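Colleague: Those protein sequences? They're chains A and B, same order as listed.
All residue numbers for the first sequence refer to the working numbering, where the first residue is 40 and numbers rise by one.
All residue numbers for the second sequence refer to the working numbering, where the first residue is 55 and numbers rise by one.
Some clues are possibly wrong.
Derived lysine-lysine pairs resembling BS3-like cross-links, with alpha carbons at most 30 Å apart [claimed, not checked]:
(1) B/Lys65 to B/Lys116
(2) B/Lys90 to A/Lys152
(3) A/Lys200 to A/Lys145
(4) A/Lys152 to A/Lys200
(5) A/Lys152 to A/Lys126
(6) A/Lys94 to B/Lys116
(7) A/Lys200 to B/Lys90
(8) A/Lys126 to B/Lys90
(9) B/Lys65 to A/Lys126
What the hints contain is simulated information worked out from the structure, not anything from laboratory work.
Computed from a predicted structure; not experimentally measured.
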Amino acid sequence: MTHAAETTCTGIPSPKLGMWLFLASEVMFFTGLLGAYIVLRAGLPTWPHPGEELKIPLAALNTFILLSSSMTMALSVAAVHHADRAKAQLFLMLTIGLGTAFLGVKGYEYSLKFAHGHFPGTGIFWDCYFTLTGLHGLHVLAGIIANFWVLSLTFRPDFLKQRGHLVEISGLYWHFVDVVWIFLFPLVYLI
Amino acid sequence: MEAQAQPTYGKYLIIWIWLITLLAAGTFISTLPISKTEAVLLILGISLIKTALVALFYMHLKFERSVPLWAVVVFPFFLVGSAVLLVFSSRLFS
Chain A
40 MTHAAETTCT
50 GIPSPKLGMW
60 LFLASEVMFF
70 TGLLGAYIVL
80 RAGLPTWPHP
90 GEELKIPLAA
100 LNTFILLSSS
110 MTMALSVAAV
120 HHADRAKAQL
130 FLMLTIGLGT
140 AFLGVKGYEY
150 SLKFAHGHFP
160 GTGIFWDCYF
170 TLTGLHGLHV
180 LAGIIANFWV
190 LSLTFRPDFL
200 KQRGHLVEIS
210 GLYWHFVDVV
220 WIFLFPLVYL
230 I
Chain B
55 MEAQAQPTYG
65 KYLIIWIWLI
75 TLLAAGTFIS
85 TLPISKTEAV
95 LLILGISLIK
105 TALVALFYMH
115 LKFERSVPLW
125 AVVVFPFFLV
135 GSAVLLVFSS
145 RLFS
């Protein structure tokens with residue numbers, strides 16, 4: 040892969056090190072949220088059974104979409120490594136499309152809850168559900184915006200030489216968002 | 055950046071098939087008539103395997119040889135483990 044990312048004294052390119060440090064802080068952020076969720080849930084005598092309040096097939100579909108978007112993101116990074124700009128753009132667009140589909144399904148799920156009178160503030164279960172999935176959804180939105188920005192850069196003539204590494208950096212963030220959902224899905228919907 | 059061995063397109067597809075299979079397995083386990091503890095252990099175990107696949111192959115940690123970067127990756131999990139231990143210490147050591 041050819042690009043102009045500067046390398047730090049650690050031997051790691053600055054943008055890559057910066058992204059990993061950011062992801063480390065994000066791990067702590069989501070751990071705090073999930074920890075609060077587990078403690079709240081364990082402290083309550085009753086909690087809805089899996090599938091009772093939330094639709095598991097819809098969430099499983101969303102998990103399928105997000106896992107697939109991780110693959111297309113990885114394929115885009117691979118295309119950059121092979122200096123194949125067209126494929127890198129195609130897989131980036133697919134990743135953006137799948138991310139948007141994820142948010143679309145999530146929006147549909149929210150609309151179903153709203154129609155039944157379930158909002159944030161209508162009980163601890165719904166507070167936890169909207170907080171966890173809402174904050175994750177915002178992270179997905181941020182990832183889509185980042186991927187859009189990187190996609191816009193791929194049309195520059197010097198992209199592969201000067202900015203190819205940005206696909207990998209954006210990809211690290213996208214995969215992290217996927218990993219968070221890998222834990223949110225079972226904790227909120229299945230268990 | 056030094057040249058690193060990277061997975062091929064086919065390898066990424068195989069990882070995706072594993073991820074989807076594990077997703078189906080976790081969802082299926084949630085429907086089985088087993089105890090809550092068994093379900094939690096099995097389903098979260100599957101989540102850990104999925105996370106490892108994404109981190110090692112899609113995030114390229116399998117091919118990462120930089121000790122400082124591994125330190126950045128591992129340190130938060132050390133803190134998470136410590137936090138979990140502190141939160142549940144009253145149950146574990148009572």
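Colleague: Just to be careful, I want the Cα atoms of lysine 200 of chain A and lysine 90 of chain B compared with a cutoff of 30 Å; is the pair within it?
Modeller: 53 Å, violated
Colleague: Sort out whether lysine 200 of chain A lies within 30 Å of lysine 152 of chain A, counting only the CA atoms.
Modeller: 48 Å, violated
Colleague: Lysine 65 of chain B and lysine 126 of chain A were given as a pair; does the straight-line alpha-carbon distance stay at or below 30 Å?
Modeller: The given pair, whose Cα atoms are some 17 Å apart, holds under the 30 Å limit.
Colleague: Does the structure keep lysine 152 of chain A and lysine 126 of chain A at a Cα separation of 30 Å or less?
Modeller: 39 Å, violated
Colleague: Please verify whether lysine 126 of chain A and lysine 90 of chain B have alpha carbons no more than 30 Å apart.
Modeller: Roughly 45 Å separates the two Cα atoms, so the pair is violated.
Colleague: Measure nothing beyond the straight line between the CA atoms of lysine 90 of chain B and lysine 152 of chain A; if it is 30 Å or shorter, mark the hint as holding.
Modeller: Holds, at roughly 26 Å.
Colleague: Under the criterion that the straight-line Cα-Cα distance not exceed 30 Å, is the pair lysine 65 of chain B, lysine 116 of chain B satisfied?
Modeller: Between lysine 65 of chain B and lysine 116 of chain B the Cα gap is close to 13 Å, so the pair holds against 30 Å.
Colleague: Is the straight-line distance between the alpha-carbon of lysine 94 of chain A and that of lysine 116 of chain B 30 Å or less?
Modeller: 35 Å, violated
Colleague: Check whether the Cα positions of lysine 200 of chain A and lysine 145 of chain A lie no farther apart than 30 Å.
Modeller: 38 Å, violated
In terms of the numbered hints stated before, the structure departs from hints 3, 4, 5, 6, 7 and 8, listed from lowest to highest.
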